[in-house]
Amino acid sequence: MIETSQLTKRYGDLTAVDGISFKVETGQVLGFLGPNGAGKSTTMKMIAGFLAPSAGSATVCGYDVENQPIEAKRAVGYLPEGAPSYGEMMPLAFLEFIADVRGLTGEHRRRRLDDAIERLHLESVLAQPIDTLSKGFKRRLGLAQAILHNPPVLILDEPTDGLDPNQKHEVRTLINAMARNKIIVISTHILEEVHAVCNRAIIIADGKLLADATPAELEARSRYHMAVSLTAPNPGAAREALARIPDIATIEVDPQDHRLTAFPREGRQIFTAVSDALKAQGIAVSELQLEAGRLDEVFRAITQPHVQEVRA
Amino acid sequence: MSPIVTLFKRELRSYFATPVAYVFIVIFLLLSGAFTFYLGGFYERGQADLEPFFNFHPWLYLFLVPAVAMRLWAEERKSGTIELLLTLPITMWQAVLGKFLAAWAFIGIGLALTFPIWITVNYLGDPDNGVIFTSYLGSLLMAGAFLAIGSCISAATRNQVIAFILTVVVCFLFLLAGYPLVLNFFRALFSQGVVDSISGLSFLTHFDAISKGVIDLRDLIYFILAIGFWLYANAVVIDLKKAD
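So the protein sequences, as listed, match chains W and L.
For the first sequence, our numbering gives the first residue as 1, with consecutive numbering after it.
For the second sequence, our numbering gives the first residue as 1001, with consecutive numbering after it.
Calculated from the structure, these hints are not laboratory results.
Note that beta-carbon positions come from the ideal geometry of N, C-alpha and C, so glycine has one too.
Mixed in with the good hints there might be a few duds.
Mimicking DSS-like on lysine-lysine, the simulated pairs with C-alpha atoms at most 27 Å apart in a straight line are [claimed, not checked]: (1) W:Lys208 x L:Lys1009; (2) W:Lys135 x L:Lys1078; (3) W:Lys182 x W:Lys168; (4) W:Lys182 x L:Lys1078; (5) L:Lys1242 x W:Lys135; (6) W:Lys182 x W:Lys138; (7) W:Lys182 x W:Lys208; (8) L:Lys1078 x L:Lys1009; (9) L:Lys1009 x L:Lys1242; (10) L:Lys1241 x L:Lys1078; (11) L:Lys1242 x L:Lys1078; (12) W:Lys168 x W:Lys138; (13) L:Lys1241 x L:Lys1009; (14) W:Lys135 x W:Lys168; (15) W:Lys208 x W:Lys23; (16) W:Lys23 x W:Lys182; (17) L:Lys1212 x W:Lys138; (18) W:Lys182 x L:Lys1241; (19) W:Lys135 x L:Lys1212.
A few chain W residues that don't get close to chain L, going by computed Cβ distances all over 12 Å [to be verified]: (20) Gly19; (21) Thr26; (22) Arg74; (23) Gly142; (24) Met226; (25) Arg268; (26) Gln304.
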């Protein structure tokens, strides 16, 4: 379990993290979302034991990161931002070094090394200086280092940054495979990643915790939640047909592809009504979709309050 | 295996993974040889001792040790590996000591490779090998003190050039702390008591005493305390500066 209580980090006058409290249980994959400079990395650095909090506390598996740093660090696998590693070393020597510092020995050490190397597909580069590796391999080596001691808690700062779509997919599969009996905290600004791996999301901006919910709950806050979008060869006729449905509040047309989006009145379901109306009037549609909500829109609305004001 | 040993091995190996180690050792051996024979007049003196060899060590170290020390922490900070290192289950002391001892051992290897001159002087004459041994010990301790200064300063910056220059300056002050060049400056600012204490900090005075073959416990303790003090400062500086 990870628990933070009023966790705060100040740099002089600047408050990078401002009284953040949350609790994560085993089995949860928590996504940290937020604009750049929001305090995501600083929060992770404090939980991982790199930075000391200015106020508040954080515990990992019951160990306070300040008072029992060694025990807390043993329980954590940490991938720092940018996946740093010693450039002059070979990946195998690097992983062996981490294994030794982590106190792995004998058969167990060898098995953990094999497992990490296999999971991250590092076999082909084991004897090549890390400096000469591609960004993707460096990132995977950083991940291998983090999971090496099979820790109950994984803290991964932008684990898929710099990976190509295939590698991203692999890393997400890896995270999902490990999720059941671990706590995984990842930071990202790729919103699709939240859907792909997280079962909980925390949005941070200006060092403050602004939202803590499941991805589905966040989407429900979107004004697109339960809206219906459709593409019709004759958008004008479709729009007229929709305008007669009483439960629809507004209809918007995308100026670029003329896709229609109908927004329901508060709490109403309009999908059936829309599809019936279109059928009744014989209006052809090439695509009809019930929107779950758009995370990017929720993200913007939460992290940029002034944008919302302008829209209102 | 203690984390210090693990870290020590990784660090020491990393010197030899790059040309740094070979450049350092070759330059150290060439310069110490050149100084001994040309400036020190090893043959012309007609004495079977290594005084002309050890006399130049402080000056060699003044430039070569900061070159080894400058990367110790500055590079970790620049590449971000400091974050990796300090989130491993090791204490700050283990990290500081592991890195310091590896660098010290590396300089020790360079120093040990000067052994042919010891053989030479024994071949040519009948030197006091006890004095030579204590001189080597004093030289190694002085190198350690330089290195501890450099390690601390290296932790204060992520720029290796700045670390190098500042370390040379601070080492120079400590080296000459007992000499008028430094003392006259402080005399203008402080009372005689303070100036006397500063003069007592001179590396050169303590090194000279050891290299004359006189093992005075105070000289040994002086260097060990100096190393301890600077490494303590090193840990404090890392704690203060690791956030930026």
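Here is what the structure says about each hint:
1. W:Lys208 x L:Lys1009: It is violated: about 43 Å lies between the C-alpha atoms, which goes past 27 Å.
2. W:Lys135 x L:Lys1078: 17 Å, holds
3. W:Lys182 x W:Lys168: 20 Å, holds
4. W:Lys182 x L:Lys1078: 32 Å, violated
5. L:Lys1242 x W:Lys135: Status holds; Cα separation ~25 Å.
6. W:Lys182 x W:Lys138: 24 Å, holds
7. W:Lys182 x W:Lys208: 26 Å, holds
8. L:Lys1078 x L:Lys1009: 22 Å, holds
9. L:Lys1009 x L:Lys1242: At roughly 24 Å apart (the allowed maximum being 27 Å), Lys1242 (chain L) and Lys1009 (chain L) satisfy the hint.
10. L:Lys1241 x L:Lys1078: Holds: Lys1241 (chain L) and Lys1078 (chain L) sit about 12 Å apart, inside 27 Å.
11. L:Lys1242 x L:Lys1078: 11 Å, holds
12. W:Lys168 x W:Lys138: 14 Å, holds
13. L:Lys1241 x L:Lys1009: 26 Å, holds
14. W:Lys135 x W:Lys168: Within the cut-off at roughly 12 Å; holds.
15. W:Lys208 x W:Lys23: Since the Cα atoms of Lys208 (chain W) and Lys23 (chain W) sit roughly 15 Å apart, the hinted pair holds (cutoff 27 Å).
16. W:Lys23 x W:Lys182: Cα-Cα ~14 Å, so holds.
17. L:Lys1212 x W:Lys138: Distance of about 53 Å is beyond 27 Å: violated.
18. W:Lys182 x L:Lys1241: 32 Å, violated
19. W:Lys135 x L:Lys1212: 56 Å, violated
20. Gly19: 18 Å, holds
21. Thr26: 20 Å, holds
22. Arg74: Check fails; 5 Å does not lie beyond 12 Å.
23. Gly142: At roughly 8 Å from the nearest Cβ of chain L, Gly142 (chain W) sits no farther out than 12 Å, so the non-interface label is violated.
24. Met226: 44 Å, holds
25. Arg268: Answer for Arg268 (chain W): holds, closest chain L Cβ roughly 51 Å.
26. Gln304: Gln304 (chain W) is indeed farther than 12 Å from all Cβ atoms of chain L, at 27 Å.
Of the hints listed earlier, those the structure fails to meet are numbers 1, 4, 17, 18, 19, 22, 23, in rising order.
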